[in-house]
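Novice: Chain G is fixed; fit chain Y onto it per the hints.
Sequence order for the protein chains is G and Y. Each step along the first sequence adds one to the number in the numbering used here, with nothing skipped, and position 172 is 1366. Each step along the second sequence adds one to the number in the numbering used here, with nothing skipped, and position 120 is 326.
Hints in this document: simulated from the structure, not taken from any laboratory. What you are looking at is a predicted structure, and each value in this text was computed from that prediction instead of being measured. Quick reminder that beta carbons are idealized off the backbone N, C-alpha and C, glycines included. Honestly, I wouldn't trust all of these hints.
As the list claims (entries may be wrong) - Quick list of the computed label-pair ranges, beta carbon to beta carbon: (1) G/F1486 with Y/R211: 34 to 40 angstroms; (2) Y/L345 with G/F1276: 39 to 45 angstroms; (3) Y/V362 with G/L1217: 43 to 49 angstroms; (4) G/L1520 with Y/L364: 18 to 24 angstroms; (5) Y/F358 with G/F1528: 42 to 48 angstroms; (6) G/R1502 with Y/F351: 43 to 49 angstroms; (7) Y/I282 with G/V1287: 22 to 28 angstroms; (8) Y/V362 with G/Y1299: 44 to 50 angstroms; (9) Y/L360 with G/D1201: 40 to 46 angstroms; (10) Y/H327 with G/D1267: 49 to 55 angstroms; (11) G/L1207 with Y/V210: 17 to 23 angstroms.
As the list claims (entries may be wrong) - Cβ-to-Cβ under 8 angstroms is the rule here; a few derived chain G residues that face chain Y: (12) H1308; (13) A1316; (14) V1322; (15) L1342; (16) F1369; (17) M1432; (18) L1434.
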Amino acid sequence: MVLNSNDMVHLALLSFFKGLIVLGIMLFHAAYTVYAERKIIGRIQSRLGPREVGPYGLLQPLADLVKLLTKEDILPKEADRFLFKLAPLLLLVTTIVNLSVIPFYPDFIIADVHVGILVILAFAGLGVYGVILGGYASGSKYSLLGGLRSAAQMLSYEIPLTVSLAGVILAAESFRLGDIVEAQANSLFGMNLFPQVIGFLVFLICAFAETNRAPFDLPEAESELVAGYMTEYSGFRMGLFFLGEYISMYVMALLISLCYLGGWSLPPWMLSLLPILKEIPPVLILLVKVYFFIFLFIWVRATFPRYRFDQLMRLSWKVLIPLSFLNLLIVMFFKLLT
Amino acid sequence: MSVVRILFFYFAFVILLSAFMGLRQRSPVKALLWILLLFVHIGGLYLLLNAEVLAFLQIIIYAGAILVLYLIMLLILDVREEERSMLYLKNWQSRIWAGLLVSFFFILGSLTFVNKHRGEHTLDKLKEVGPSKILGRLLFEDFTFPLIILAFLLLVPLLGIGLLFVKRRQDGSA
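Okay, chain G solo, but in the shape it has when bound:
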């Protein structure tokens, strides 16, 4: 706290513009991930996907947006008006805030804090309120039960997610995501994936559950469980929930690339094998990794059937939590050896 006011204004403006850039890129990505998802799932199910609006259906996200914005905004009679409006914003904002501590490039980060991972975990924890309140404020039994179900799911999967991240933090001895990437680049295998395969798998499964994506998309299982907490939402507000979901997919993909696959760095053995890889700009390496995970999210959605609720809970408490602690013990053991 030794900054003078001039520095502070400078810093605030810089962060503001960085934030605008990140937000713009992210919104564009979120819109086109919807398009990619429809195309890829279409191809997997031997259909063509959207192709009417614009060449190859490329303007479809725009058309969807116009449709969502012009739809009537319905407020249910029984709803708690303030909380009903607050819930989708709460979910969206707590997701977008996560982007501020994620480094996209060695020097490009909006807020370079010591405790980056803790910030992400804290705001993931706050995001649960959006889901519960969305269910409660709708004033409908289906919504309330759906909200509680989703909250139980998100809470249960936050524990193995946190414990598997503890292994990463221990390996890098830092909470900063930048330090974690650097520690991986200097390690033997060049990424955390190899000593911590169990942690990686646990984190991957939890990422699917945290973002409410298939095969854990019980919150929006419209065919058997109504639409959970989103039942009463329509038009623009439902769009906010969806936007939150797609941005949280990107947050999770970024986090898993940075924490387990070495972020923007390539493993040293790969570089010594193919020296030409050094010429690739770091941001491109990160992008490829992130896109791979986004594709995986979509691919899994088209492939696996949905879990039942009791199976979901059993998977978290009886399989993933013990496995994540096992991973932590293995990392501790390796740390003691070296």
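Specialist: Positioned in the frame of chain G, the structure of chain Y alone reads:
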């Protein structure tokens, strides 16, 4: 007035306001939301003190875990509105006693206040070692025994719940 001071007054004001509103609110869900605001702003106060780890642990544990569990319990039990009758403070004598008790603790607490206290872990040391490492060393080297005792204390309710569950299963009611 510096930015830090303005932020401090903002956090302090919102903490007091949300505590008061949380107590006043009749609907339990809304009361919990005021308490959520309170917890997040306490985290902000820690941030001003350069205790980043503590600030975010405060949000993760209190707001992200404990309060959510309360909220889920409230919704499962379907407590719509608090009953209007005041159970504890019906007559004026008990109100006076309660007021005296609260002010006793307030005076006791303010006696322990030390102005311009300088501890071992100054800002320079924080910058040198890093905030999370200092906290880790304090917890796991200097205060290991209290930490283990605390961990056991927290384990007891968990065992209790497990015991209850096993007993109910043996009775055949669950």
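Novice: Honestly, which of those hints from before does the structure not fit?
Specialist: Hints 1, 5, 17 and 18 contradicted; others consistent.
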